[in-house]
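K.L.:
Each chain, written out:
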Amino acid sequence: MAANPELKQKVEEVLRENTVLLFMKGTPEMPRCGFSMRVVGVLEQLGVEYGAIDVLPILDPLREVTGEISDWRTFPQLYVGGELVGGCDIVEEMFESGELAGLVGAEQPEEAEAPGPQAPADPQQSPPLQVDT
Amino acid sequence: MADLPEIERMIAAALPGAEVEVLDETGGGDHLRANVRAPQFAGLSRIEQHRLVKNAVQARFDDGSIHALSVSTEPSESSR
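Residue numbers (the working numbering), protein chains in the order written: chain A, 9 to 141; chain B, 121 to 200.
Worth flagging that the hints you see were computed from the coordinates, not collected in a lab.
No incorrect hints appear here.
Taking beta-carbon pairs under 10 angstroms as the criterion, some of the chain B residues facing chain A (in silico):
(1) HIS151
(2) ILE167
(3) ASN175
(4) ALA188
(5) SER190
(6) SER192
Cβ pair distances, simulated, as ranges:
(7) B/PRO159 <-> A/MET38: 40 to 48 angstroms
(8) A/GLU101 <-> B/GLY148: 17 to 25 angstroms
(9) B/SER196 <-> A/GLU107: 20 to 28 angstroms
(10) A/GLU72 <-> B/ASP150: 16 to 24 angstroms
(11) A/GLN138 <-> B/PRO195: 39 to 47 angstroms
(12) B/GLU168 <-> A/GLU104: 18 to 26 angstroms
(13) B/ASP123 <-> A/THR27: 39 to 47 angstroms
(14) B/PRO159 <-> A/GLU72: 26 to 34 angstroms
(15) A/GLU104 <-> B/PRO159: 24 to 32 angstroms
(16) A/GLU57 <-> B/GLU126: 38 to 46 angstroms
Yeah, the Cβ is synthetic: ideal placement off N, Cα and C, and Gly gets one too.
Here chain A stands alone, though its shape is the one from the complex (with noise of 0.2 angstroms):
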């Protein structure tokens, strides 16, 4: 099934504002799924803004505007200058070894511990992004 050409330019446009960007399930004050709240928790101790989209609306079409643009197809996932960084495994490392702050120009937190299965989120920031279908 081939994405939806206008959510795709929705979403390249969306990219091309946020330098950072998560797309997640549910948002950073209400996250549904326990991987998007992890990625949300990384992203509030390192103090970066970011855009969020909750993607439970739209999942399916999506699903396959993200397969296209970097041949991913599950959530979460965190955009950095347009590209994908990756899902939760890949940025709870990049988080802990100081990767992750580097590329977002953000000051590594001194006990930077990924927050894990059970630590709740905490978010501040981030007024959701709506993508309209």
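Chain B: place on chain A using the hints.
P.N.:
The following block gives chain B in isolation, referenced to the frame of chain A:
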């Protein structure tokens, strides 16, 4: 509910020569972890390595038998 041995075979078939271990992380049968060592990973970025693993089992995401797959990858012959 995923068939773990089948998932292992799918990854192994996509990456000949790989050592593949697939675990059920939560006991629920749909949150899996794949630990993969493969010669094909040499010289690839982490995201490219993960992509090879995830794409190998995409069909099981599509039919809903896997909800989430955590991936750990390592080249089987260190290039450093």
